[in-house]
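J.: From just these sequences and the hints, can you work out the full model?
Chains as they are written, first to last, in the working numbering: chain A, 1 to 603; chain B, 1 to 187.
Treat the hints as calculated values from the structure; they're not laboratory data.
If you're wondering where the values come from, they're calculated on a predicted model, not measured in any experiment.
Cβ coordinates follow ideal geometry from the N, Cα and C atoms, glycine included.
No incorrect hints appear here.
Some, not all, of what chain B presents toward chain A, calculated at C-beta under 10 Å:
no.	residue
1	Met27
2	Ala35
3	Phe123
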Amino acid sequence: MSSEAVLHGSSAHLADDAHHVHHHHETFITKYVFSQDHKMIAKQFLITGMIWAVIGGLFSVIFRLQLGYPDQTFPWLEDILGHWAKGGKIQPEFYYALVTMHGTVLVFFVLTAGLSGTFANFLIPLQIGARDMASPLLNMLSYWFFFIASVIMISSLFVQTGPAAGGWTVYPPLSALGDASQGSKIGMDLWLISMAIFIVSSLLGGLNYITTILTMRTKGMSMTRMPLTMWALFFTAVLGVLSFPVLLSGCILLIFDRNLGTSFFLSDIVVAGKILPNEGGSAILFQHLFWFLGHPEVYIIMLPAMGMVSEILSINSRKPIFGYMAMVGSLFAICTLALLVWAHHMFVTGLNPFLGAVFVLLTLLIAVPSAIKVFNWLTTLWKGNIRFTPAMLFAIGFVSLFISGGLTGIFLGNSALDIHLHDTYFVVAHFHIVMGVASFFGMFAGVYHWFPKMYGRHMNHTLAYLHFWITMVGAYLIFWPMHYQGLSGMPRRYYDFSNWESFKQYAELNQFISLVVIIVFAAQFLFLFNFFYSIFKGRKLTDLNPWGANTLEWTTPLRPGHGNWPGEIPEVHRWAYDYAKEGKNGEDFIPQNVPVGEDETRH
Amino acid sequence: MSVALVQKNKIHPHKFALWVAIGSILMMFAGLTSAYVVKRSQANWTTFEIPVLFWYSTAVILLSSVTLYLATKAFKERRSGKYRLYLATSILLGVLFVVLQVLGFRNLWLQGLNLTVTVAYSFLYVIVGLHALHVIGGLVAMVVMYIKALSSKMKMYSPVPLEVMGTYWHFVDLLWVYLLLFLLMIR
Numbered sequence: 001m002s003s004e005a006v007l008h009g010s011s012a013h014l015a016d017d018a019h020h021v022h023h024h025h026e027t028f029i030t031k032y033v034f035s036q037d038h039k040m041i042a043k044q045f046l047i048t049g050m051i052w053a054v055i056g057g058l059f060s061v062i063f064r065l066q067l068g069y070p071d072q073t074f075p076w077l078e079d080i081l082g083h084w085a086k087g088g089k090i091q092p093e094f095y096y097a098l099v100t101m102h103g104t105v106l107v108f109f110v111l112t113a114g115l116s117g118t119f120a121n122f123l124i125p126l127q128i129g130a131r132d133m134a135s136p137l138l139n140m141l142s143y144w145f146f147f148i149a150s151v152i153m154i155s156s157l158f159v160q161t162g163p164a165a166g167g168w169t170v171y172p173p174l175s176a177l178g179d180a181s182q183g184s185k186i187g188m189d190l191w192l193i194s195m196a197i198f199i200v201s202s203l204l205g206g207l208n209y210i211t212t213i214l215t216m217r218t219k220g221m222s223m224t225r226m227p228l229t230m231w232a233l234f235f236t237a238v239l240g241v242l243s244f245p246v247l248l249s250g251c252i253l254l255i256f257d258r259n260l261g262t263s264f265f266l267s268d269i270v271v272a273g274k275i276l277p278n279e280g281g282s283a284i285l286f287q288h289l290f291w292f293l294g295h296p297e298v299y300i301i302m303l304p305a306m307g308m309v310s311e312i313l314s315i316n317s318r319k320p321i322f323g324y325m326a327m328v329g330s331l332f333a334i335c336t337l338a339l340l341v342w343a344h345h346m347f348v349t350g351l352n353p354f355l356g357a358v359f360v361l362l363t364l365l366i367a368v369p370s371a372i373k374v375f376n377w378l379t380t381l382w383k384g385n386i387r388f389t390p391a392m393l394f395a396i397g398f399v400s401l402f403i404s405g406g407l408t409g410i411f412l413g414n415s416a417l418d419i420h421l422h423d424t425y426f427v428v429a430h431f432h433i434v435m436g437v438a439s440f441f442g443m444f445a446g447v448y449h450w451f452p453k454m455y456g457r458h459m460n461h462t463l464a465y466l467h468f469w470i471t472m473v474g475a476y477l478i479f480w481p482m483h484y485q486g487l488s489g490m491p492r493r494y495y496d497f498s499n500w501e502s503f504k505q506y507a508e509l510n511q512f513i514s515l516v517v518i519i520v521f522a523a524q525f526l527f528l529f530n531f532f533y534s535i536f537k538g539r540k541l542t543d544l545n546p547w548g549a550n551t552l553e554w555t556t557p558l559r560p561g562h563g564n565w566p567g568e569i570p571e572v573h574r575w576a577y578d579y580a581k582e583g584k585n586g587e588d589f590i591p592q593n594v595p596v597g598e599d600e601t602r603h
Numbered sequence: 001m002s003v004a005l006v007q008k009n010k011i012h013p014h015k016f017a018l019w020v021a022i023g024s025i026l027m028m029f030a031g032l033t034s035a036y037v038v039k040r041s042q043a044n045w046t047t048f049e050i051p052v053l054f055w056y057s058t059a060v061i062l063l064s065s066v067t068l069y070l071a072t073k074a075f076k077e078r079r080s081g082k083y084r085l086y087l088a089t090s091i092l093l094g095v096l097f098v099v100l101q102v103l104g105f106r107n108l109w110l111q112g113l114n115l116t117v118t119v120a121y122s123f124l125y126v127i128v129g130l131h132a133l134h135v136i137g138g139l140v141a142m143v144v145m146y147i148k149a150l151s152s153k154m155k156m157y158s159p160v161p162l163e164v165m166g167t168y169w170h171f172v173d174l175l176w177v178y179l180l181l182f183l184l185m186i187r
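T.: Below you can see the structure in the form of structure tokens.
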């Protein structure tokens, strides 16, 4: 295998170590389109994820317009949305379609594919010291399956009856019966096909990540010397590989119910006065299959962010991570418990209360590993020599959001409180803070931190600080008030609250939230501009290891070619957290590839 | 060609990836069979009959595993004629398995026991059908290997692709035996 390093006219003094490598022929197609290089695939995932994030975020802006200003019309909406916004007012069917697609897009296409697709692909080979993934071909297929799933999902936005509109959880019978609503027609079929392809994509990715981490680590890289990002991405992949197939089986059964007349999820149903022949099915069965993925899914979203945050906090506190083994152990505990708590989404479906009690116990147990992680993050920061880089700010913001959102999880995990709180804005506030915004913060932290490795340039820090503060303050302003709305019983997914005496009092609050949503959405363009501008015009790197980090990716050339290291893969001699320790030239860190000195004890 | 060279004397990454994939496929069937178990414990469950042809198909797929094992053995002994013969036999037996499954379902269908007659039959069609799709996936891999074996341009010496494919084939074989026992015992 030949390694090659490409330097696009970047600073010459950094290019020296790459000159002796010979270049093998790559066309535009094999380098940028059907690339098998894990770094290019990571960038493909990242940029596709960004496009999806803008679409999914825009949906939330549009439906927040309806929630904040239910009595006003926006004629420009009719110009862009046509009959979905007749007279400048969002139609109820379209409102549900927007809510559904917002959830689907952000949970699956952005925070699953965009987050772990990007960072697992980018970081795994670089941080464990491998030339590429176990199977670069499957890795490429993983992206292209994701791309096809994306195209199908986007196409569902343009069909006459609109995209799926039964909520991102697509519960039958609503989703199974085309006659039941506009959003259960062809849009729903496209949703199911797109998700089935998406699942194939994430399984191909996941089995590659697991295999690569377990079988392709460089010499000396024992499991307990791996950076925590690797552990987190490993457990993420394990969760995905175990739970996504179960969703696939649920989707397959639903496709049969919709199109071939079976009754897996249907029984005793009357639609528009017509009695359907379906008998013997159970709609609750779908919920079990869905949430067996659906709950691990929130950890599939969370864990990569946790891993990156651990790494970034340690680097920028210039201190070893506090409690490395406890971090690994709690990741393992979260991963295990994640597979055992799905029924807490179903407390009010008529679930046996005794069974419910078991799920309450298992759910509340997750607080233990979560608290361990929070404790360790705070103790890592404690008395650290903190560098407030943009990545560090987002990492600290992540910890803040994880605490705020995690605490309300303890409320919701209780099956008695859930009778009051289920399907209210309290739930919306909880999961948006703890998994939505927090994971986005993890993603932003990751992008700001590893951008120099991805593109050999820095992002603009001033824009990044602006982006951080607007997003941080905005996220709390949006979701904090929703807790109060939820506690007072305001239900989620409603189109208009102005008819309810008890929820009329929130008209101005809803307006305020919608206003902040627009500002925060606009602020994300600071990030997008910064990202794309910096790829071409960003400040050039003057140091191959700009953050003073210990992990192996910073030992590669400025823009590593396919194969990552031009020569031998470095050998690892120590863990990834030797910060606050004097190095050879007086630095305060010792990278993983530096042999253990005589005056040191082994790690 | 591949950058994914083995870096240590451990299990080959492709083999390991296959085992992870097998775990994943098992989870899908676990999802289906547990849905089946839940459904069965509810009211108005009616039992079903398994087509007799499924017994023949079981014998056929077990036999195909034996021939594929012999093919791998012949490949390692560098006896390419024998290898091609056994591989071709395995492919034919695999095709025969799928044909028998289809015929078994056809018999059911002709008796009026179609996909939608009861939930039990719906499950039977979906579970056995999805298994057959996995068998067809294995068949595609075997045909690709056979074409490679015929071509004189490419000489293959590494047994890894063949072993990966063999492991998968034995897996779908055992999966079928498991599913058959499951459907027989829990009806």
